[in-house]
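With the numbering used here, the residue at position 71 of the sequence shown is 639, and numbering never jumps.
No wet-lab data here; the hints were simulated from the structure.
Be aware that a few hints might be false.
What the hints assert, rightly or not - Here are the in silico distance ranges between beta carbons for each label pair:
1. 667 to 642: 18 to 26 Å
2. 627 to 661: 23 to 31 Å
3. 694 to 796: 42 to 50 Å
4. 807 to 707: 56 to 64 Å
5. 787 to 611: 42 to 50 Å
6. 806 to 756: 34 to 42 Å
7. 661 to 761: 41 to 49 Å
8. 806 to 742: 29 to 37 Å
9. 787 to 617: 14 to 22 Å
10. 778 to 684: 33 to 41 Å
11. 653 to 628: 24 to 32 Å
12. 617 to 768: 14 to 22 Å
13. 772 to 684: 28 to 36 Å
These numbers come from a predicted model, not from an experiment.
The C-beta atom is built at its ideal place from N, Cα and C for all residues, glycine as well.
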Amino acid sequence: MDPFGHTLNQNHRQLKDEPMRKKVSTSASSLSSMEKTEEPSLNLVDSQPIVTIHVTGGDYEKQSFQVHKNYICHYSPFFDVAFNGPFVEGQTQELDLTETSPFIFGTFVNWLYTQKIINRTGKLPSCLSLSVLWILADKLLVPSLQNQALSLLNARRVLDGTRLDSTMFNYVYENTASDSPLRRYIVDACSKGSRGPIMTLENYPPRLLVDIINEMRAVSIEPYWEPSQEEVATYFVPEEVRKEKTG
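Using the sequences and the hints given, assemble the complete structure.
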């Protein structure tokens, strides 16, 4: 079955539900047991099998990436199941990935080997690229990459000012669940860390606007608003205008 299909989704849920391993003691008395139970660290000393991922997402020209199987399967349970499971990909050692762009997947591959998130020029990627990378890491089950991308997203926001790049909002809300940590970060950044009017309304999906309003209402220091008569008067329509129109 296609690794993007039902069977892999079941494995996805099982992997997320699996309890975390307890930390192994590093005391001298436990070194012997550690050598027997600890998983071997990644290295490229011996000959390594290679897998090929064909990235065909969006309107981009197809690009193929050849990656050391041990690396990509170590960091991503998604690829581990695909290349080591009873799928066609497990036999061919090739996989078609249609849910991202070659640039974003290349950023992921670079991270596999360097543990650093950089763009083609070696600099910090844009907010949009970081959010797309976060979503790819979510699909590939790589939480450490998600967390690093979110940390850099916050650094990018601070570097650019106090507001997030709104061009990322529609993509995020189209490709994440309602309880997504990335959504929560965006809502908090918009409701607590932004000032000034919204200038590009088309970049704000309706669900995001509702989430922002709900968050601001939840943290309001005045749960019940009772304006004074003077405050109510600020919403009055000038009566002189009506007299001028009818006079």
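Each hint tested on the structure:
1. 667 to 642: 18 to 26 Å: holds (21 Å)
2. 627 to 661: 23 to 31 Å: Given about 27 Å between the Cβ atoms, the range holds.
3. 694 to 796: 42 to 50 Å: Holds, since residue 694 and residue 796 (Cβ atoms, about 46 Å apart) stay within the stated range.
4. 807 to 707: 56 to 64 Å: Since the Cβ atoms of residue 807 and residue 707 sit about 60 Å apart, the hinted range of 56 to 64 Å holds.
5. 787 to 611: 42 to 50 Å: holds (49 Å)
6. 806 to 756: 34 to 42 Å: Given about 39 Å between the Cβ atoms, the range holds.
7. 661 to 761: 41 to 49 Å: holds (45 Å)
8. 806 to 742: 29 to 37 Å: Between residue 806 and residue 742, where Cβ atoms are some 44 Å apart, the hint is violated.
9. 787 to 617: 14 to 22 Å: violated (52 Å)
10. 778 to 684: 33 to 41 Å: holds (37 Å)
11. 653 to 628: 24 to 32 Å: holds (27 Å)
12. 617 to 768: 14 to 22 Å: Taking Cβ atoms as reference, residue 617 and residue 768 lie about 47 Å apart, which means the hint is violated.
13. 772 to 684: 28 to 36 Å: holds (32 Å)
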